[in-house]
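Quick note, the sequences are listed as chains A and B, same order.
Using this note's numbering, the letters of the first sequence correspond one by one to residues 99 to 582.
Using this note's numbering, the letters of the second sequence correspond one by one to residues 99 to 582.
For the record, the hints were derived by calculation from the structure and aren't laboratory data.
Take the hints with a grain of salt, since some may be wrong.
A pair counts as met if it fits within one copy or between any two copies, since identical chains are not told apart.
[What the hints assert, rightly or not] Simulated pairs of lysine-lysine, BS3-like, Cα-Cα distance not exceeding 30 Å:
{"id": "1", "residue 1": "K336", "residue 2": "K472"}
{"id": "2", "residue 1": "K456", "residue 2": "K570"}
{"id": "3", "residue 1": "K198", "residue 2": "K177"}
{"id": "4", "residue 1": "K400", "residue 2": "K157"}
{"id": "5", "residue 1": "K157", "residue 2": "K411"}
{"id": "6", "residue 1": "K198", "residue 2": "K176"}
{"id": "7", "residue 1": "K336", "residue 2": "K542"}
Predicted, not measured: the structure shown is a model, and the values here were computed from it.
There are 2 protein chains.
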Amino acid sequence: MSEKQGVTPRNEDYSRWYTDVVQMAELADYAPVRGCMIILPYGYELWEAVRAGLDRRFKETGHRNAYFPLFIPESFLKKEAEHVEGFSPELAVVTIGGGKELEEPLVVRPTSETIIGWAYAKWIQSYRDLPVLINQWANVVRWEMRTRLFLRTMEFLWQEGHTAHATYDEAEEETRRMLDIYRDFAVTDAAIPVIPGRKSDSEKFAGALHSYTIEAMMGDRRALQSGTSHNLGQNFAKAFDIKYLDLNNELQYCWTTSWGLSTRFIGAMIMAHGDDKGLRLPPRMAPIQVVIVPIYKDEAEKTAVMDTVWRMKATLRDADIRVHVDDREGQTPGFKYNDWEMRGVPLRMEIGPKDVQKNSVALARRDIPGREGKQFVPQEGIVTAVRNLLDDIQANMLKQATEFRDSNLTEVVGDYQRFGEIIESGGWALTWFSGDREEEQKIKEDFQCVSRCFPLEQPYPNQTGPSIVSGKTAQKMAFFARSY
Amino acid sequence: MSEKQGVTPRNEDYSRWYTDVVQMAELADYAPVRGCMIILPYGYELWEAVRAGLDRRFKETGHRNAYFPLFIPESFLKKEAEHVEGFSPELAVVTIGGGKELEEPLVVRPTSETIIGWAYAKWIQSYRDLPVLINQWANVVRWEMRTRLFLRTMEFLWQEGHTAHATYDEAEEETRRMLDIYRDFAVTDAAIPVIPGRKSDSEKFAGALHSYTIEAMMGDRRALQSGTSHNLGQNFAKAFDIKYLDLNNELQYCWTTSWGLSTRFIGAMIMAHGDDKGLRLPPRMAPIQVVIVPIYKDEAEKTAVMDTVWRMKATLRDADIRVHVDDREGQTPGFKYNDWEMRGVPLRMEIGPKDVQKNSVALARRDIPGREGKQFVPQEGIVTAVRNLLDDIQANMLKQATEFRDSNLTEVVGDYQRFGEIIESGGWALTWFSGDREEEQKIKEDFQCVSRCFPLEQPYPNQTGPSIVSGKTAQKMAFFARSY
């Protein structure tokens, strides 16, 4: 029974563990079309939590949502040279509409810089129209050959912000502001200690001046790019003729940005926090924060227990705590404990006849296994007790993930062999790096990894060091790691 | 100036009035792909209000959101005979993916009964798995030749609910429950007095056993189908093999339903309430409920006025009233009044030097033009005053729309010529109708209209009457009207 119920242990097969968790916790399922997925209700509730956390932050910083078409004329993609090169191998193309062959095929959006660029060119006339701060929640399609649920799927859900500004500085400020919103969301809400940084030239977005990223360490120590923010410079403004009249009545190209975070982030939450029992969800993101499991042997006990159970549920719900009662018949409490642990619910409340007698309940934390994580608390004042525990779990999960991350980061200076050993052992290396494409290509060939980012917080600001491959002077240190 | 600012009067050209409102109020814009639209921030905020109002109701009735793929294998569409006949002329088809011709073309979903049917067949094993109550928020594509912003676009946003049940009765109950949720949302939140009813056989959804609808009367008296709920019987269950083991351990086909409401509903709000000044938004749906317009002649006045303006704004915002201050320089208060009336803001607050002196503000209602709709109220207690007024406006808009609807409904019995006159004059006719396809076809040919619905609330329950074309005995009365 317990074998059938459990997920594959992580050290046995991490990849299998991941798929087990996604499927057994009913987060997602495979679709009949290769590379697509069905996001199941529990998984979609996580996406709703992502959406709510980001949407609030976007609106607080003056952004508004809009919606642009799914279909983009094929010719649009070709207007920005790097962009078309980056995306054309990944396109899904509609060639038939209403039973007829189309004169110009339509591309299913892989991202919307081009069609939004077209619109901005139409809408923006003068400096008074700037900045334009728009976000859209949408599905996008990229024809991927090797897909994995949430991490890389042919179709995925995301938000893509697109803004236009009068100056480089304003665009850069926006790009960094949105990166910081991603960082704050990941750290504060999802308890993932992401590292914000800048992408190297080889790794930046197709068409961007430069790209920023938040990089997260997964349970197998691989890196996952969890959100990106791009300063597009004037590349798309020039390709789509997005111009404004400045204060001197002269036409200027705009400076644009784009930034996105996708359902991939759900994969980040699974792998940053999960353990051999399954999912572990940070309380702020958890669709169910508290699950109540009633314990009784007969009808008399059941009546008394369920009375307390429904009262506790109502009390917590009225305090806006997301609570669920597992009143399934024919399952033992032990089965239910395992089931909800596997589904990552942060806090379990057990209520049996003794608890009813003592006016107490047992609370078991998902983040601390066994007796250590269990305590008995009075029913009176349960809301405060639960709130404090949820806050504690939230903080502790961030602490655990941060310690795990930091214990797997190694600084290496000028020693390419040592660098390779770190990467090959699965760790992250922090090293001086010039950012040159040739150097990065060599590292890729030697160790099957590329740079994750130049962290914004440099350990030795204003210093230089020997770039890891060439030894020539590098201005910044970068993280390298194998990645998803 | 006022000509440039204003929309085309409705009686001059209703269709032009509609397009003016959509574009001048910045609700939507045309896209570079024929038949597609860009939903602008103000329009998308209306959609967010629709989404919030419905999503809350769906969840309160036990439904959960999920997400199914955009692409459907072409073969799926062909499994339900009526369904494929209804939808195949409207399909957009992806034939190229990742640079290669696909073996099986993929259809961009026009609706998701088929792919969800495939999933339900996989998920549902026994009566214990039932009911399945799932909704999805998604984009869909139907290749339309004649499109109009919001009302009929090639791509639109909607929600589609899909449920599976053990019995016909449960499926029918669900179908009616969701229709009633649409009715309640339309009436209570959007102040549109929709008529809930059943579609005739000719007008039902392709593949349904029967379809229900909420029908709304627009300002030009045309009908707009604003939301539909379908009892699909066992049609899709048989096509996709959705079976469950019943209590007797026998395999049974499920009974399924589907129900949807789309961005078309924004068109309904525009046309149910708009007047010659532009949009009129019911307070519960309005992105901005109160706009504050400051009035001053010089810097000294401005300082005093703006101080009160920001104080009022903070007071209203803290009470969760959606408030906006129009502090644009270089525009007269009169221009701003017209502008916000055109954008349909329910309540305008004017604050000038005299108001500052008297500790009062002027409030002007959008639903009652001129002096009659204007009053001066003390700043103290402003929250209560504004709340009461917004409630009043909400109720009055529903009253106005209901009176307009009822004054344009005419009952006609057994007089086909009179029936035709009502339809040709643009009104709605309520008449006995057999529901026969041949009769409906004749009406369509004679008067370019079809039945809107058999209203659930029949004026003469348990009676019969002569069907309008054939004269044979009809069990129910139906509404007929020209429609969008």
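To see whether the hints hold, each was checked on the structure:
When the C-alpha separation of K336 and K472 is checked against a cutoff of 30 Å, the pair qualifies neither within a copy, at 61 Å, nor between copies, at 50 Å. Taking the shortest alpha-carbon separations for K456 and K570, neither the intra-copy value of 71 Å nor the inter-copy value of 74 Å comes in at or below 30 Å. In this assembly of identical chains, K198 and K177 lie within 30 Å of each other by CA distance both inside one copy and across copies; the values are 26 Å within and 22 Å between. For a Cα distance limit of 30 Å, the shortest separation of K400 from K157 across copies, 29 Å, qualifies, whereas the shortest one inside one copy, 48 Å, does not.
Only between protomers do K157 and K411 lie at most 30 Å apart by alpha-carbon distance; the minimum there is 18 Å, versus 33 Å within a single protomer. For the homomeric pair K198 and K176, the shortest alpha-carbon distances inside one copy (24 Å) and between copies (18 Å) are both at most 30 Å. Taking the shortest Cα distances, K336 and K542 never come within 30 Å of each other, neither inside one copy (33 Å) nor across copies (53 Å).
Hint compliance for this structure: hints 1, 2 and 7 are not met, and every other hint is.
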